[in-house]
Amino acid sequence: FERIYGVFAVIAWDRHGRRLIMARDALGERPLFYHVEGALCSAASMPDILLADPQVTRAPDPGQYRQFLRMNTFAPGCSAFQGIHVVRPGHVVTVGTAGIEEKLWWKPDLTPLQLPEQAGYEAALGSALEAAVAACLHRTAGKLGTHLSSGFDSTAIATTAARLLAARGDSITAFVAAPRSGPGRTMATRHIADESLLAARTAAMH
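Using the working numbering, the letters of the sequence shown map in sequence onto residues 77 to 282.
Since the hints were made in silico from the structure, they are not lab data.
None of the values given here were measured: they were computed from a predicted structure.
Among the hints, erroneous ones may be present.
Here are the simulated distance ranges between beta carbons [said to hold, decoys possible]:
1. ARG244 - PHE84: 25 to 31 Å
2. LEU103 - PHE144: 17 to 23 Å
3. GLN143 - ILE268: 30 to 36 Å
4. GLY153 - GLY245: 45 to 51 Å
5. LEU145 - LEU220: 38 to 44 Å
6. SER247 - PHE77: 29 to 35 Å
7. GLY172 - ALA207: 36 to 42 Å
8. ASP229 - ALA195: 20 to 26 Å
9. LYS219 - ARG164: 32 to 38 Å
10. PHE251 - PHE84: 20 to 26 Å
From the three backbone atoms N, C-alpha and C, an ideal C-beta is built for every residue, glycine too.
Can you build the whole structure from these sequences, using the hints too?
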């Protein structure tokens with residue numbers, strides 16, 4: 077799976093080893109659920125597909141809901157439904173005659189970065205961001221779009237993409253939250269409902 081470019085969720089049947097292989101990309105952008113009942117394993121991108129099978133129990137898992145209320149997340153590899161599991165990001169799950177095996181196929185390099193001065197860290201971060209954005213700009217046809225809010229993260233990504241595309245005479249479309257005119261909605265404290273002004277200032281730079 078280290079050789080696959082981009083995001084993915086894979087379900088593959090190994091005829092020779094008689095085993096089902098399921099894997100997700102490193103960040104888990106594509107969901108993947110599975111259910112094992114005896115010698116039968118089913119897998120799908122969403123749990124409602126598995127629940128369409130009358131052999132799969134359609135029941136919530138109270139323990140996972142308690143976990144969610146405490147930690148704002150389910151336990152690793154678990155879902156909100158009894159008997160339905162999740163392939164974790166960066167993992168591969170194999171179901172065969174020997175049982176169920178889960179392995180981590182991806183792990184980031186956690187070697188500490190030690191540089192002599194602050195400017196070196198800034199340059200390294202800029203290079204890493206540019207490489208990550210550039211890797212997402214490949215396409216076979218059509219225009220590119222990105223989310224642009226009033227925050228730092230989407231701004232950094234959108235402006236980096238605009239700069240890289242401008243170098244080859246191309247552009248990108250930014251999608252922004254800009255409510256229609258009229259009575260404003262009540263928003264939580266420190267939330268920005270209309271991001272068009274700040275986004276327009278960012279776009280004007282490019």
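Structure-based check of each hint:
no., hint, result
1, ARG244 - PHE84: 25 to 31 Å, "27 Å, holds"
2, LEU103 - PHE144: 17 to 23 Å, "21 Å, holds"
3, GLN143 - ILE268: 30 to 36 Å, "32 Å, holds"
4, GLY153 - GLY245: 45 to 51 Å, "46 Å, holds"
5, LEU145 - LEU220: 38 to 44 Å, "39 Å, holds"
6, SER247 - PHE77: 29 to 35 Å, "34 Å, holds"
7, GLY172 - ALA207: 36 to 42 Å, "38 Å, holds"
8, ASP229 - ALA195: 20 to 26 Å, "22 Å, holds"
9, LYS219 - ARG164: 32 to 38 Å, "34 Å, holds"
10, PHE251 - PHE84: 20 to 26 Å, "24 Å, holds"
Checked against the numbered hints above, the structure breaks none of them.
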